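Model the placement of chain B on the given structure of chain A, informed by the hints.
Number of protein chains: 2
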Amino acid sequence: MLKIFAARQSVALASVILLEEVEADYELHVLDFSKGEQNLPEYRAVNPKGRVPALATEDGILTETPAILVYIAQRFGSAQMTGAHDPFVFAKIQEFNSYLASTVHVAHAHRFRGARWADAPEALEAMKKKVPETMTQTVGLIESDFFKGPWVLGDAYTVCDPYLFTICSWIESDGVDTSKLPKLQAHHERMLARPATQAAVAKLG
Amino acid sequence: MLKIFAARQSVALASVILLEEVEADYELHVLDFSKGEQNLPEYRAVNPKGRVPALATEDGILTETPAILVYIAQRFGSAQMTGAHDPFVFAKIQEFNSYLASTVHVAHAHRFRGARWADAPEALEAMKKKVPETMTQTVGLIESDFFKGPWVLGDAYTVCDPYLFTICSWIESDGVDTSKLPKLQAHHERMLARPATQAAVAKLG
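The listed protein sequences derive, respectively, from chains A and B.
The opening position of the first sequence corresponds to residue 7 in this note's numbering, with each subsequent residue numbered one higher.
The opening position of the second sequence corresponds to residue 7 in this note's numbering, with each subsequent residue numbered one higher.
These aren't lab readings, by the way, just hints derived from the structure by calculation.
Among the clues, some could well be false.
[To be verified] Simulated coverage check for chain A against chain B, where a stretch passes if three residues somewhere in it have a Cβ under 8 Å from a Cβ of chain B:
| hint | stretch |
| --- | --- |
| 1 | 63-74 |
| 2 | 90-96 |
| 3 | 109-115 |
| 4 | 122-132 |
[Claimed, not checked] Covered stretches of chain B (chain A as the covering partner; in silico rule of three or more C-beta atoms under 8 Å from a C-beta of chain A):
| hint | stretch |
| --- | --- |
| 5 | 29-43 |
| 6 | 61-74 |
| 7 | 77-89 |
Given the structure is predicted, the values throughout are model-derived calculations rather than measurements.
Glycine included, C-beta positions come from ideal geometry on N, C-alpha and C.
One chain only, chain A, in its complex shape (with noise of 0.2 Å):
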């Protein structure tokens, strides 16, 4: 059986909610962060990178948000989750989630996370002081030129949704305006009103 290893209120929601939608038979470990259980040993052993999400299967750990996501969907999910009929549509579904994790993702973690680029506590300031403007820009770079509806990518549901419901969870407290994002609002709305969202939110929100 699947275990993965996640935080609450971390990006491992994403991975969740989508082993929740394919109806995966899965063991869920939820690592305390604020007693710093990310670090211990016996995590390190799991993922020497001492993030989540980590996904434990029979043939190893898998860690990365988008590479779980893409697995979940190959073993459990269907062709379309993934775009598996048409290499484009696979790439496209990829290039949106990579936006995510290496783009969005990291503006950001400038707010909490910034002692990861430079030690002076000014930097950190100036950081955090920056998050609004550069997660204004990059998530309404999102609902201006890449979200299609009424699923990220249009009319199938993809491995993009759980990852962008994940991190628009986040954005009205990292100071976006989110009334001028209405397409993101619509989706977050839908993506709460099913079932395996709901189920994830419970067990980690």
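For chain B alone, kept in the frame of chain A given last:
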């Protein structure tokens, strides 16, 4: 015919190496970042993010290195290049490239692109100062834990190899002591011995 938009000394090198490796028929368009060509309206119409690489295909534009690499390999390369024969291997390859995109490349970007995440000049200096440490740590984890050899994930050349090569071509000037990374050094030489790498470096190096 495919057309790739790239810039010198950018991560676009990884995609150009792979295009050469699979002997794809493609056109190369080199943007001059020193003239701000990535911000011209003509290029923003191609990629509203104003970044490289971007790959123009018959079906539309693709961006984000992990997505472009998989697309090129799925279309022109062998199944081994993406691990298409096994969802777990496929996911391990995506995991590695996702780590390069969202952690290693991001750490590097704090050296010259700190203005993405803070405005204060002192903050940019503080970010720059920490780059040797963050790059040593992140590529050190590849050396110690993730790299299998002779290629990144073992016996087969995959979409991870041109990407790792590209990022490792920056690390010496990022302040990383490469003499402590014997596996990555040998990988770099192994990559440089391939005609495809040499051709791409000659075009973009």
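Which hint numbers doesn't this structure obey? The structure conflicts with hint 5 only, although it agrees with all the remaining ones.
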